[in-house]
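K.L.:
Chains as they are written, first to last, in this note's numbering: chain A, 1 to 304; chain B, 1 to 395; chain C, 1 to 301; chain D, 1 to 249.
Treat the hints with care, since some could be wrong.
[Said to hold, decoys possible] Pairs of lysine-lysine residues, derived as DSS-like cross-links and limited to a Cα-Cα distance of at most 27 Å, are as follows:
{"id": "1", "chain 1": "B", "residue 1": "Lys166", "chain 2": "A", "residue 2": "Lys263"}
{"id": "2", "chain 1": "B", "residue 1": "Lys166", "chain 2": "B", "residue 2": "Lys294"}
{"id": "3", "chain 1": "A", "residue 1": "Lys263", "chain 2": "C", "residue 2": "Lys123"}
{"id": "4", "chain 1": "B", "residue 1": "Lys135", "chain 2": "B", "residue 2": "Lys336"}
{"id": "5", "chain 1": "B", "residue 1": "Lys393", "chain 2": "C", "residue 2": "Lys123"}
{"id": "6", "chain 1": "B", "residue 1": "Lys326", "chain 2": "B", "residue 2": "Lys31"}
{"id": "7", "chain 1": "B", "residue 1": "Lys185", "chain 2": "B", "residue 2": "Lys135"}
{"id": "8", "chain 1": "B", "residue 1": "Lys31", "chain 2": "B", "residue 2": "Lys166"}
{"id": "9", "chain 1": "B", "residue 1": "Lys393", "chain 2": "B", "residue 2": "Lys243"}
{"id": "10", "chain 1": "B", "residue 1": "Lys185", "chain 2": "A", "residue 2": "Lys263"}
{"id": "11", "chain 1": "B", "residue 1": "Lys95", "chain 2": "B", "residue 2": "Lys31"}
{"id": "12", "chain 1": "A", "residue 1": "Lys263", "chain 2": "B", "residue 2": "Lys326"}
{"id": "13", "chain 1": "B", "residue 1": "Lys347", "chain 2": "B", "residue 2": "Lys185"}
{"id": "14", "chain 1": "B", "residue 1": "Lys379", "chain 2": "B", "residue 2": "Lys368"}
{"id": "15", "chain 1": "B", "residue 1": "Lys185", "chain 2": "C", "residue 2": "Lys123"}
{"id": "16", "chain 1": "B", "residue 1": "Lys31", "chain 2": "B", "residue 2": "Lys294"}
{"id": "17", "chain 1": "B", "residue 1": "Lys135", "chain 2": "C", "residue 2": "Lys123"}
Simulated from the structure, these hints should not be mistaken for laboratory data.
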Amino acid sequence: MSLAIEQILNGLQFGVMIFLLAAGLTLVFGIMGVINLAHGSLYMLGAFVAASAAGRGAPFVLAVLAGAGAAALAGVVMELVVIRRLYRREHLDQVLATFALILIANDGVAIAWGKTPVRMDVPGALTGAVTFAGLTYPTYRLLLIAAGLAVAAGLYVLISRTRLGMLIRAGATHRETVAALGVDIAKLNTIVFALGALLAGVAGALLAPILAVQVGMGEQILILTFVAIVVGGLGSIRGAFIGALLVGLVDTLGRAYIPVLLKPVAAPALADSLGGGLSAIAIYVLMAIVLVWKPRGLFPVGSR
Amino acid sequence: MLTFARASVAALLVLSLAGSAAFAADPPPLKIGMITTLSTAGGYLGEDMRDGFQLAIDEEHGKLGGVPVQVIVEDDGLKPANGKQIASKFLLQDKIQLFTGIIYSNVALQVVPDVVEAGAFYVSPNSGPSQLAGKGCNKNFFVVSWQNDTPHEATGQYAQYLGIKKMVVVAPNYTTGKDAINGFKRTYHGQIVEEIYTALDQTDYSAELARIRAANADGIYYFLPGGLGISFLKQFTQAGLKKTMKVVLPEFSLENHVIGAVGNDAEDLYGTAHWLEDLPFAANKKFVTEYIGKYHREPTPYASQGYDTAKLIASALRAVNGDLSKADAFRAALRKADFQSTRGAFKFGPNQYPIQDWYSMKVVRDPKTQKLQLRGVGKIMRDTGDVYSGACKMT
Amino acid sequence: MTLALLIALPPLAAVLDQPFWVNTVTRILILALAAVSLDLIVGYGGLVSFGHAAYFAVGGYTIAVLAQHGIDAALIAWPAAVVAAAVLAAIVGTLSLRTTGIFFIMITLAFAQMVFFTLVAVKAWGGNDGLPLDARSVLPLVNLRDPNALYFVCLGLLLAFVALAAQLVESRFGMVLRGARSSERRMLALGFPTFRYKLVAFVVAGAGAGLAGALWAEYARFVSTDMASWTRSGEFLVMVILGGLGSLVGAIYGAAVLLGLESFLAGFTEHWMLLLGAILLVVVLFAKRGLYGWLAGANDG
Amino acid sequence: MADTVLAVRGLRKAFGALVVSDDVALEVRTGECHALIGPNGAGKTTLLAQLAGEVAPDAGTIRFGDRDVTRLGPDARARLGIARSFQITTIVADFTAEDNVALAVQARAATSMRFWRSAARDAALRDPARAALVRVGLGPRANTRASDLAHGEQRLLELAIALAQEPAVLLLDEPMAGLGHDESRAMIALLREIKPAVAMLLIEHDMQAVAELADRVTVLVAGHAIASGSYETIRTDPRVREAYLGDDG
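Let the hints inform the model, and build the full structure from the sequences given.
P.N.:
The following block contains the structure:
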């Protein structure tokens, strides 16, 4: 029983981290209509900068802020130099241009930090595990869940209660109206993009202590993120949240239970490797099922 | 008409661009084609290997075995198709007769047959696939590192030696991973309570770690190359599992890059390797000092393999005075393995894969510097070849 | 003139002692075939498939697996590869074509990933080590072992497919397909069951990629899982966009330029990806209709 | 046989709490123009979309002749002979005017799964297409890209496409929208000319056009058909004046 709860917590933790990336990606798509494949590169940058800062003795919180700030700054530059020119272009052009950005970012990071994975430790106070209700769970993972949920709540408040949020919501469905209100759309776009980049940076920095911080780490998680926002319905923060949790849970629980469930019905060696194969494709099956059932995701937004 | 002209100009341009690297330099130096992985997440392995190889050339000021050489390095991007393309360029355009460099077996399996069929030589610094060790062996194919199964056999042996009763084994769900686990099982005879296969692009291992905890084993072996292993080890330690389980690893998951990336999490890990930084051989001491002096980073097995590969090639080039058209003599010289390996005794088996010693090692904290270091503990296997060589009928 | 150059290439390469040219261009021709087939659905049907590598891989693996079982007659193996890829495309298309836009991109990617992970896990087909072919298939009258013969077979099949695709997009069928790209609602209102048209196009494109995969297996005498990887799908898309959407021939230029650049830059510097990225970025930002638009001398407007 | 070609009974459609069609009934007969008027947001376009099959009703039936077509998709209905024009011009922008009409001709033909012959040189498509263009006065513009046509010309092209389908029922969604005075006159004349051969359902804000074309008028307010009758009856109906015409003054 406690194992099941642990696995659900694991799925939740993975899900909220995916959400941090998914939120930015879905906002940028919802408001600017841009598919940004280079979102994972901002996440990578956040991780590298945080690791560097921590390596130079910065306290953990400062290191995370440095990573997030660097990603946001890179986001602003990216928006001003490249993304801005893609708003009115076809999705395909956006895909190609942001794919090119991935190549540049990966090689750039390799030049700046080298190809060897970089180290970042879990802060000393958080290395242990917490025991509650007969369950032992790593403190740092609990922190990740808390941080992810806090950011989600913060985003909810930002979107639903503030003027910026109002503009973001309006911008997703009624671009012209927002422009007519006298709002500087270009500035709004830059702000939204920087916000998305910031969240990606936060995710990178928070995960840096438990992941290999290395070139190419952005693409590993990028596909999962896209699956999450597509399952949730593009452009919807709520959809991204549900989608990310679904992906996190399906992926984790698939890895936890598919091999176990197969054991009684298949030869052990086959069960292990077949189970591994099936759990690797579980999220893709999830996405295919959702899209066959609801071609615009679980929470479709407006008409686009 | 203009459009056609432009189109064909473009086409010509592409062709000449693709080929122009070849027009750059003419011999005297003997060209060695190095196809390796420099980009992608696995790029640092190729970088180490290349730098180790280069170190041997620098020792001789641009020569190997007294023969001036020029190494042409190209990145395969971890794509077998790219490796193949580079190989045909090297073969057909640059007329290269001596190849090395490939890190990953899936690339090697595509490239090596092309190279040896063309009558050229391939000396592998890092990949010894089983397909090319038995029936598929070839007289022009040499492996300096190990047969792919052997590091895992050594690790199994060590786990056995450490008296671990119940093990969990983990590997990615692909052929190399399954081969690794089979290799481990060949020498480990305790109980394997859980066999876990992970995805190739996995970053989060929490689900697996919960399964591992539930399995109540007292030891774990995993083969997760590069970043996969780093992520896994960090999360494994985080989950507090290191307190209850002994971790026994093949050298891929326990080398200086890994230790650098995981920090204290590496403490008290066990492992096996065919080469160690602190092996007491003169050739090794020289290599380690020079490598750190030149590249300002700790050497890895990949670096030592690059260096040894270059030294082996040097010994054979000296024997034929750089004339590769004396293929039989060159081959015979390679077979002799008349060079000082950084890992001590080294000779080739009948399939031209190495026969060598395997060491056990442990991560310990240096009492003076407080730095974590890999220290040799002892020999775990002596003069060990591989199980496939019997099937090799060299022609 | 480009065609004349392509036909003259093998003798020219022989005279200049550059056999590598034939090898390189064969590779370009095969991948161009896959790119052209993708352009058929992306450029004319507006169906951005991010899983085209799956059909390429299925075509290739069909050849290799048949060869594994001793079937090496090209006249059996090649059609089998085409049919296998077409069947897969029919299944994926049936399930995917209800979605549009980025949803379609992602669902095609999902199916391709399933193919990829399956190939990685099936040990009988070599898993991630891939599967070698002992020899090229046997074609009556033509010796495929001769690089020049293989070259001309690839060239011929590429031209045949381009001709077929060009015919297709100009036909009644093609009019409906292109119409649906720009206004699906209108086509439905006219009475066209657009789903069927898109599905047929999707299957033809899958078959084309399957043929390319089969040729790749013959050319490389090896199939491996990276044939099905999502980066491979991405490369096909880059070729199509680079060449210019909806021009068929453009995809060939796209393939040539991408592969040429990759090969040149990788020979030139370790940081070739940085340069490649910068070049792609400049092209997409400034040459709006792709290389074909530029080559055709058209104004970018 | 009664002349009723399209008959709607008890049609109901709601988007969440918003009821857009509330128990709507209407009929369209051959040779007759049935106009559908009502204030903005009354549900006219959604009603038309249900007739065309783009939107599925929650309840009610739609009969075409003696066949129930309520559950058929738009393409199936089009093949039976229900054609529509769009309020916002929906043509294939990068085809020529003639290509656009040729598609409609092609749609009528038995199958378009023809892969070999070039459609551009297919006289069986081109001749009727050109005839339809000539009929709406676009003959000289046949080879112009649709996106290069002026707005009024695009509206005419919409009509030519619908005509080329040779439908039994023609659903017109504001054909006069955005037209100048002279263009409107020409459009009305054209519609009068083709009226005898088809059953016509017309959504229109231009009351002049409704007066000239409609044999019967149904007034839709908030999804509800509040009145139906001749233009004169409707014009004088107090409920209608209150709900609709009153607004216009």
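K.L.:
Hint by hint, work out which the structure violates, then give me just those numbers in ascending order.
P.N.:
Violated hints: 2, 8, 9 and 12; rest satisfied.
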